[in-house]
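Trainee: One line per chain: the protein sequences are A and B, in this order.
All the letters of the first sequence, read from the start, carry residue numbers 149 to 490 under the numbering used here.
All the letters of the second sequence, read from the start, carry residue numbers 16 to 255 under the numbering used here.
Calculated from the structure, these hints are not laboratory results.
Hints may be right or wrong, so weigh each one.
Straight line, CA to CA, 27 Å or less: simulated DSSO-like cross-link-like pairs of lysine-lysine [to be verified]: (1) K186(A) - K118(B); (2) K380(A) - K412(A); (3) K91(B) - K118(B); (4) K433(A) - K380(A); (5) K412(A) - K433(A); (6) K199(B) - K211(B); (7) K173(A) - K340(A); (8) K380(A) - K199(B); (9) K211(B) - K380(A).
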Amino acid sequence: MNPFRYQRPATSEEAVNAVAAHGAKFLGGGTNLVDLMKDNVERPTALIDITRLDLTRIDDAPGGGIFVGALVRNSDLASLPHIVENYPLLSQALLSGASPQLRNMATLGGNLLQRTRCYYFMDTAFPACNKRIPGSGCAALNGVNRIHAILGQSDKGATSAETCIATNPSDMNVALAALGAAIHVVGPKSAKRVIPIAEFHRLPGATPQLDTTLRPGELITHVELSAPVFAKNSWYLKVRDRQSYAFALVSVAAGLEMSGGIIKSAGLALGGVAHKPWRSAEAEKSLAGANPTPEAFRRAADLALTGARGYEHNAFKIEMAKQAMVRALTLAARGTDQGAQA
Amino acid sequence: MSTDLVQTETEAKVQKRSSEESAERGFSRRTFVKSAGVLGAGVATGLPHLVAAETAAAVSATTPQTFRATFVVNGKSQQLTLDTRTTLLDALREYLDLTGSKKGCDHGQCGACTVLVDGRRVNSCLTLAATVDGSQVTTIEGLAHGEDLSPVQSAFLEHDGFQCGYCTPGQICSATALLHEAKKGQLSQVSWETGKSSAPALTDDEIRERMSGNICRCGAYPNIVAAVRQAATRAAGASL
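Kindly generate the complete structure, drawing on both the sequences and the hints.
Mentor: Here it is as C-alpha cells:
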C-alpha cells in the first residue's frame, strides 16, 4: 500500500476542498477502497475520512418520499422500520450483499461507488485493463469471463482502449435503480446537483475508467427515495455460486404496483449483467396494464434481455437472467411479506 | 456477560450523542433513526477539525505518514502514533500485543479478524486504525470477566465449536454481536425469505446466514451453529 495522508474534515465543504488535492479520495466504510489499496489497484495520495460528517440523517422529502444520508451504514438502513415497511426491496437487496461485518461498515454513498469485481481489474499482475490503466486493453474479453457483462458492454476487441465487459457488483444499486432513486451531491463552491440513479452509473462507452457521472470533487450527501409504490409487491432475487456472502451472477430487483389484480406499473432492474444496474423501460412498459401471469413475466424478461450477448464463460447468464426475472416477478406478485419459501 | 458492559456503555454514549443532536435540530425522523441506531455523526464534536498527519505541501508519494489515535481497547485507553496505512488489526496485534484477533485473508473475506467497534462487529483488517480514534474496541481478549468466560465463549467450549481454533476469536466476536443485533430486531436475508420481516426468531437458518461472514476451513459449522443456538437460547432466558 502506498503512503497517504489522513484527514478528517468537520464539514462537507471542508471535505470537498480537501479532496481537491491531487490523488485524494474520500474514505467511507473503506470496505472496497482499503481492500483495493492493499493490492495497489487504488493508490490515493490522501484519504479524506468523511465518516464523521453529519450525513447520517433520514428526513422526509417532499411528495411522501425520504432523504437518506450518504453515511447511513448498510446494516442500519436494511433494518430501519421505515425502510422495511415502505421500501422492502431496498432492505432485501442490502441484506443480500456482503456479510454482517461488512454491512456494518459499508455506507450508502460508498456502496453507490463500489468498483467492479472483474478479476483483471483487481489484479495488477495483468497489464491489460482499460478501467485500471486507460488504453491498456481488456484481459477479460478472452480470459475467464464468467462474472462479466452481457448487456451494454464495450467490445472492440481485447486490445482496444474502449473494450470493457466489467459489471457493477452492488446489490443495493440494483434496488435503487428499480426504485428510481435520486442521488444528491455537492461539489466545489458548494454547487449542488441531483442525479437520477439511471444517469449516475454509466456504461463503459469509450471511457471504461469512469464508473459514474460524478464530477471531480463531488461528494454524495444523500439519496432520495420517492413515495413508495412497490411496498406490497416487490422482491429482490440474487442468484450466486453459494447461498450467502457471494457476489451475484445475476440479480433482479422487481417492484409491482398492483391495482385490482392488474399491474399498474413496474420497476425492474437487473444486477450482475452490465456496467450499471440494467433497467429496461420496454420491459416495464410491457407489464403496465397486464395481468401478473407467467406469460407476461416471460415477455418482459425477453424484452429486458434484448440485445444480450454472452462470452465464452458467461453465455448462461442470458437465460438465467430471464428465468430469474420471471421468478422475482412471480414472488413480487405474491406479496413481499409472503417469503420465497411460503 | 462482559460484552454487555461495553455495549451498554456504547449505547449510553450513542443515546447521549443522539439527544445532543436532537437538541440542536428538530428533524422529523429523528426518533426512528435513533431507535434503529443510525448514528455516528455527532462524534466529531470536540475533535480537531483537520487531523492532517502532515501539511499537504510537505508530502511526497513515498514519504510515510503518521497520525496519533486514542481509542479504548477492552476497557483500557490506548494512545498510538502509527503509519496511516496501519489497519486496526495490525494495531491490535503488532502494537498492543493483542494477538487473539487473527489475520486470515486480510481482505475482509474470512472474518477471522472480527472485533467489535462501539459494539458493532467489523472486519478489523479493512478498518484503518485512524478511523477508530475515539472509539471503544472489544476483542476476543475483552469478552471474559476475569476467569469467567462469556456465555458465547462457554457455548463454543461446550459444543466443541472449533477444531484448529484459528477462526474462533472472530467467530466468537461475531456471534456476540449477532445476539445483540437479534435482540434489537435486525433482519437478515433469511428473515425475508421465510416471511419473517418482523422480529425473526434465531432459527438455525438465521444463525447460518448471520454467521456467514466467518469462514471455518475445518468445517466446524454444525457445532458453531449449536453453540450460537445455545447462547441465544440462554440469552433469551436470562432476559425473561
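Trainee: Give a verdict on every hint.
Mentor: Hint check:
1. K186(A) - K118(B): holds, 14 Å
2. K380(A) - K412(A): Roughly 13 Å separates the two Cα atoms, so the pair holds.
3. K91(B) - K118(B): holds, 23 Å
4. K433(A) - K380(A): holds, 20 Å
5. K412(A) - K433(A): holds, 10 Å
6. K199(B) - K211(B): Answer holds: K199(B) to K211(B) is near 15 Å, not above 27 Å.
7. K173(A) - K340(A): holds, 19 Å
8. K380(A) - K199(B): Given that 27 Å is the threshold and the Cα spacing comes to 24 Å, the pair holds.
9. K211(B) - K380(A): Holds: K211(B) and K380(A) sit about 15 Å apart, inside 27 Å.
Hint compliance for this structure: no hint is broken.
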